[in-house]
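K.L.:
The chain contents come next:
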Amino acid sequence: MVPRKGRTAATLLAALLLPCVSSAYQREDHYYTVRLALKSAVPPLDSEALVAVCSQLPDEAPELSAIDVYRRLMTHPADYSRWVLTNSGPAETVGRMVTIQQLQHGLTGGWPPAVREVARRVIQDVLSELRSAPTGDANTRADAACALGFAFHLYGDSFSHQMLKNPDKMYHAGIGHLFDSVLPDLPLVSPTRFELWKGYIQSAPGLAPHSALKDMSPLLSEAAEPLRSARHGNAYNQPALREILAALLRGAGLAVPYVAFDRSLQSQGCQAMAERQAALNGFPAAPSCERAWRIFSEAAVKEFDAYDADPEHARKSRAPNRVPYFQGSPFSKGPKW
Amino acid sequence: MVNHEHHHRRIRNKAAAIYIGLIPLALAVPLAWIYLSYGVCQETESPAALAVCRVLQFSPLLPALLGLLAVAFIAWDLARLGAALKQAHTARWEHAAHGYDSLDQRHRNHVHLATLLVAFVSVALVTWLAVTAYRSTH
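Protein chains in written order, with our numbering: chain A, 1 to 337; chain B, 1001 to 1138.
Don't take each hint at face value.
Stated by the list, open to error - Straight-line C-alpha distance at most 20 Å; calculated SDA-like pairs for lysine to any residue:
id	chain 1	residue 1	chain 2	residue 2
1	A	Lys165	B	Val1131
2	A	Lys169	A	Tyr307
3	A	Lys165	B	Tyr1134
Said to hold, decoys possible - Chain B is nowhere near these chain A residues, computed Cβ spacing over 12 Å in every case:
id	residue
4	Pro113
5	Glu117
6	Glu225
7	Leu227
8	Gly251
9	Val259
10	Asp262
11	Ala285
12	Ser288
13	Glu290
14	Ala306
15	Ala309
16	Asp310
17	Ala314
18	Lys316
To be verified - Quick look at which bits of chain A chain B covers, simulated, 3 or more residues with Cβ under 8 Å:
id	stretch
19	173 to 181
20	232 to 245
Hints were generated in silico from the structure; no laboratory data involved. The C-beta atom is built at its ideal place from N, Cα and C for all residues, glycine as well.
Just chain B, same shape as in the assembly:
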């Protein structure tokens, strides 16, 4: 017998983490990057720090990366649910569709909303970073 509630709770928890954490993180990380980089990266003459600064220019995208990771974990939860329903020994990504089909509407909404939110924040961050980087240097 498959314990649906166990799988549903995992999906709900990850979706809740995205609802609560993603937008504050998407605001805080770019600001923290600007604050730190402004003080250090515009003045340093250390080659190591210059290299770190170059890499850290992409750090505002970190919340998008974490959001995508959370969505991937939700997909993996769906795969595990699908595998359990099919009584497969090991979960595989292609089981995710079966797991999704087994969800009630409420849990499907969680999956939809979390995925939409991550997609929106990711596009917003990438657009902001690209536009700001271009406009401030051209």
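Bound conformation, chain A alone:
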């Protein structure tokens, strides 16, 4: 018979150490919000579901996940020490981490409205790429749609990765919001953060110019209900909020609003996960992580640079950065990674 204290300790330890099934914002919340934002697009965006899937992919795929790239960097003691001690390091290792965390997750240490503006511009750039893709070329359209999903991920994170205690700054690359644990990703953690999330939800449909789902008031009034009882003991009612989003998607005609990612494929990388997700959702073509990343990252670098170079922008989207962006493919291991 295990003593009660021992069982309690074991339960707490297991809760901490076991991989958690979790969801800008938590993983599947990216999917729900983007899907909802694009659901009633008029005329319909043919790859709306793929965009939503790819908006979640950067939190799932080890090559694009902010957490995975940081932990990967920790396995290179010399470069990791250099990063910790001097905030610098080679592009091949430290640069990979910084590139993914800044471009994809908005962990720039910059001014949040600036990062949001950059993300909006990236969405417009990638949307143009999607529109110009030949209708009959399923592969090219899938890549562009997936890049659009990546751009929506940056847009979501430009809200959620705004610091809790200093709303004038984004979290920095590196440990991100480690000291605030998961709280920045939970919209109901405080009325202020709920207002921020409302700003995200209300503005997202307008980013796809032909979206007709401009009125988010039913969602917002429903979401205000779990806000009232949100507290630490119920994880700030995040599951209840997610259920509201799922119910709205069901109400909009989706019988199965969400197909969970197959996380057993994480060890095989982004492409395997994308292909599996495409098969599960019945997409005509699976996107190429490599090409989608290239489309997205080129637009992101261009827009971040353009924003920060504009002398009219006194407050920059990124804190000064001493690490060069990684120019290669995040999906290739390279000699040091």
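Assemble chain B onto chain A, guided by the hints.
P.N.:
The following block gives chain B in isolation, referenced to the frame of chain A:
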């Protein structure tokens, strides 16, 4: 007759444990905390795990705590030595000064060095944790 060597050996062993173990521990524990917390605490939605994560934010200070404990044990060894020299029945903390006075220079150096090392590591860890926590959230 007081067996000085018995007490001296206890002090030397604890000082050696501090010399050998403290710095590796001070490097390994914060890294292990970052590695584990990064994967779990930034994603979990379980209230229990959230509570554990909150408490574990202080775990990088664990090596400092262990170092302070080791110094306290050295002080207790000194108290026992002092009590033995005074032929007291039970050791008390105030006997530590007498025990320390009886040490030769070599053993005093062990006490000094171990205490300095623990103080340095403790201040370094507290400073690192406070600065990192502040800078990453403000």
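K.L.:
None of the hints should be skipped; say for each whether it holds.
P.N.:
Hints, verified against the model:
{"no.": "1", "hint": "A:Lys165 - B:Val1131", "in the structure": "15 Å, holds"}
{"no.": "2", "hint": "A:Lys169 - A:Tyr307", "in the structure": "16 Å, holds"}
{"no.": "3", "hint": "A:Lys165 - B:Tyr1134", "in the structure": "10 Å, holds"}
{"no.": "4", "hint": "Pro113", "in the structure": "18 Å, holds"}
{"no.": "5", "hint": "Glu117", "in the structure": "23 Å, holds"}
{"no.": "6", "hint": "Glu225", "in the structure": "18 Å, holds"}
{"no.": "7", "hint": "Leu227", "in the structure": "16 Å, holds"}
{"no.": "8", "hint": "Gly251", "in the structure": "24 Å, holds"}
{"no.": "9", "hint": "Val259", "in the structure": "20 Å, holds"}
{"no.": "10", "hint": "Asp262", "in the structure": "17 Å, holds"}
{"no.": "11", "hint": "Ala285", "in the structure": "30 Å, holds"}
{"no.": "12", "hint": "Ser288", "in the structure": "27 Å, holds"}
{"no.": "13", "hint": "Glu290", "in the structure": "26 Å, holds"}
{"no.": "14", "hint": "Ala306", "in the structure": "28 Å, holds"}
{"no.": "15", "hint": "Ala309", "in the structure": "26 Å, holds"}
{"no.": "16", "hint": "Asp310", "in the structure": "26 Å, holds"}
{"no.": "17", "hint": "Ala314", "in the structure": "20 Å, holds"}
{"no.": "18", "hint": "Lys316", "in the structure": "17 Å, holds"}
{"no.": "19", "hint": "173 to 181", "in the structure": "holds (count 8)"}
{"no.": "20", "hint": "232 to 245", "in the structure": "holds (count 6)"}
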